Amino acid sequence: MTTYDVLFTIAGAISVASGLLAVSTKHLVHSALWLIVSLAALSGCYLVLGAEFVALVQLLVYVGAVVILVLFALMLTRAPIGRSLEHDTSLMQRAAALVVGAATAALLATVLISAFGNDKVRVNGGTTHALATRLFGSWVWPFELLSALLLVALVAALALARLPISRGAGHDAVQGAAK
Amino acid sequence: MIHSAPPMVVVGLLFGIGLYGVLARRNAVLVLIGVELMLAAAGLLFVTVGSLTSDAMRTGQVMTIFVITIAAAEIAVALGVILAVFRARGNVDMAQPGESE
Chain A
1 MTTYDVLFTI AGAISVASGL LAVSTKHLVH SALWLIVSLA ALSGCYLVLG
51 AEFVALVQLL VYVGAVVILV LFALMLTRAP IGRSLEHDTS LMQRAAALVV
101 GAATAALLAT VLISAFGNDK VRVNGGTTHA LATRLFGSWV WPFELLSALL
151 LVALVAALAL ARLPISRGAG HDAVQGAAK
Chain B
1 MIHSAPPMVV VGLLFGIGLY GVLARRNAVL VLIGVELMLA AAGLLFVTVG
51 SLTSDAMRTG QVMTIFVITI AAAEIAVALG VILAVFRARG NVDMAQPGES
101 E
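Which chain is which? The protein sequence lines are A and B, in order. Under the numbering used here, the first residue of the first sequence carries the number 1, and numbering increases by one thereafter. Under the numbering used here, the first residue of the second sequence carries the number 1, and numbering increases by one thereafter.
Just chain B, same shape as in the assembly (with noise of 0.2 Å):
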């Protein structure tokens, strides 16, 4: 038995930090440590909900690992992005203007 809430509150505030992180760093590797966390907070919602109710398909805990999947793979392009920016413009700092013509 567990009460509901806890899970809920736990979500929101991952996200919240997460989103925090976007909003607030500049360092564009840290950017995606922000992304990485909203990220985990979309999978611990998939879970609490598969478990809290009573679901034969396991959307919750399948959607979860669909969500890990899909996360890595983005992660691996966006570092690839950061790598190739890095070799463009000698760092990865995103409050700096982008190149001019």
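Isolated chain A, as found in the complex (with noise of 0.2 Å):
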């Protein structure tokens, strides 16, 4: 065991935990927090792995803005505050749910070590100044193309939000906002 090795194994079990937790909490609130705990220790990961420019942006998209979004959607949907059964599927389900993905992450983990093997190696983080030369030059057009999509899913978002629906007549509203 190496130091990386036991900052990363610190940052994950963190991470893995409070997701285990924000799948499985009764309380809906609950769970974003949880999400906020386990993407704030992914970006742990990310930092013992040497990818503190990725880290810093982990934190600040996701942790500042996504679950900030969450919280807001999950307010406006008025969710129940306290301890409710009522979002979880059926005892049945959640067996067969709690199968399916044990076996993918045995799968995925069994498959990447394969892969990768159990190695000692030397963590090749770069330094910030390198993926930024890097992320202004050979992938400059992918990043231009990306800042398109944050526009057309901005409007996107807007044109959802403008859509004249009225409960119950649902149907009848998004078919005449089409005409």
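Simulated from the structure, these hints should not be mistaken for laboratory data. Warning: the hint list may mix true and false statements.
The following label-pair restraints were derived from C-beta to C-beta distances [to be verified]:
1. Arg89(B) / Ala130(A): 48 to 56 Å
2. Thr53(B) / Leu85(A): 20 to 28 Å
3. Leu145(A) / Pro97(B): 20 to 28 Å
4. Met1(A) / Asp55(B): 43 to 51 Å
5. Ala95(B) / Ser138(A): 21 to 29 Å
6. Ser84(A) / Asp55(B): 44 to 52 Å
7. Pro97(B) / Lys120(A): 50 to 58 Å
8. Met1(B) / His129(A): 19 to 27 Å
9. Leu91(A) / Ala42(B): 28 to 36 Å
10. Ala95(A) / Thr53(B): 34 to 42 Å
11. Thr3(A) / Ala95(B): 20 to 28 Å
12. Val29(A) / Gly90(B): 14 to 22 Å
13. Leu7(A) / Asp55(B): 20 to 28 Å
14. Met1(B) / Leu91(A): 21 to 29 Å
As the structure is a prediction and not an experimental result, all values here were calculated from the model. Don't be surprised by glycine CBs; every beta carbon is placed ideally from N, CA and C.
Dock chain to chain to rebuild the complex, using the hints, since each chain is given by itself in its own frame.
Written out as structure tokens, the structure is:
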């Protein structure tokens, strides 16, 4: 065990444990809050792997923006505060989901370990300077395309918010807007 | 120096947890949280492979930044759809049947 191993194991264990709580807690709001812990611990993993810029982007975008959006959506859909069993599927389906999830996790971990082995390798994170040179050099066109994607997403979200929908007559309203 | 197995185990576990969340939840917002965990696993895999191999293009980290950006755009649109569904149906329960004609 090297120092990197220990640090990564700590951050990874926090991330996995809080991810598990995020998908299993009975409190709706706690689920979003555990997601914050999980994604923040994941940015710790990125730091250990030498990707400090990605770690900061992860913190800013996920913890700062995405989880806030999720919390707002929970608020606007009148999520019940406190413990409630209404947002889980039946016990049978949850057991099946557990089997599928565990099998996928085992399969992925096995395949990845057999592909990359368990050798001790030097962490080759590179510097932020090198990353920036690449991002605005070789990768500049995909990067520009992403800004167009963000604009499209912004317009799409606005258009969705302006759809004239009323409760009960939702189907007719959507059709009326399309005409 | 780092062993390459622990990051791979974390990737597998995070993806499995996210898949469980997508399959086991009925509230649409909670399903999105499962999707976010799966995307996080994909990003961790990109960064891990990028850091464990010598790649002058820095593909792993650049791709993770792209994945994070696309995930942010995706969740904005997805939450817009969820709110539209909530306005039309009064709930976001995915186990309930849709509107009857």
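Comparing the hints with the structure gives:
1. Between arginine 89(B) and alanine 130(A) the beta carbons are some 50 Å apart, a value that agrees with the proposed interval 48 to 56 Å.
2. Restraint check, threonine 53(B) to leucine 85(A): a C-beta distance of roughly 46 Å breaks the suggested window 20 to 28 Å.
3. The beta-carbon spacing between leucine 145(A) and proline 97(B), approximately 39 Å, falls outside the hinted interval of 20 to 28 Å.
4. The hinted window of 43 to 51 Å between methionine 1(A) and aspartate 55(B) is violated, with their beta carbons roughly 26 Å apart.
5. At roughly 46 Å, the beta-carbon separation of alanine 95(B) and serine 138(A) lies outside the given 21 to 29 Å, and the hint is violated.
6. Restraint check, serine 84(A) to aspartate 55(B): a C-beta distance of roughly 47 Å satisfies the suggested window 44 to 52 Å.
7. Taking 50 to 58 Å as the suggested C-beta distance range, the pair proline 97(B) and lysine 120(A) conforms, at roughly 55 Å.
8. Roughly 23 Å separates the CB atoms of methionine 1(B) and histidine 129(A), a value that falls within the hinted 19 to 27 Å.
9. Under the hint 28 to 36 Å, the C-beta atoms of leucine 91(A) and alanine 42(B), about 30 Å apart, fit the expected range.
10. As the Cβ distance of alanine 95(A) to threonine 53(B) is approximately 39 Å, the hint placing it in 34 to 42 Å holds.
11. The beta-carbon spacing between threonine 3(A) and alanine 95(B), approximately 47 Å, falls outside the hinted interval of 20 to 28 Å.
12. In this structure the supplied range 14 to 22 Å holds for valine 29(A) paired with glycine 90(B), their Cβ-Cβ distance being about 20 Å.
13. Taking the beta carbon of each, leucine 7(A) and aspartate 55(B) are about 23 Å apart, inside 20 to 28 Å as hinted.
14. The supplied range of 21 to 29 Å is broken by methionine 1(B) and leucine 91(A), whose beta-carbon atoms lie about 46 Å from each other.
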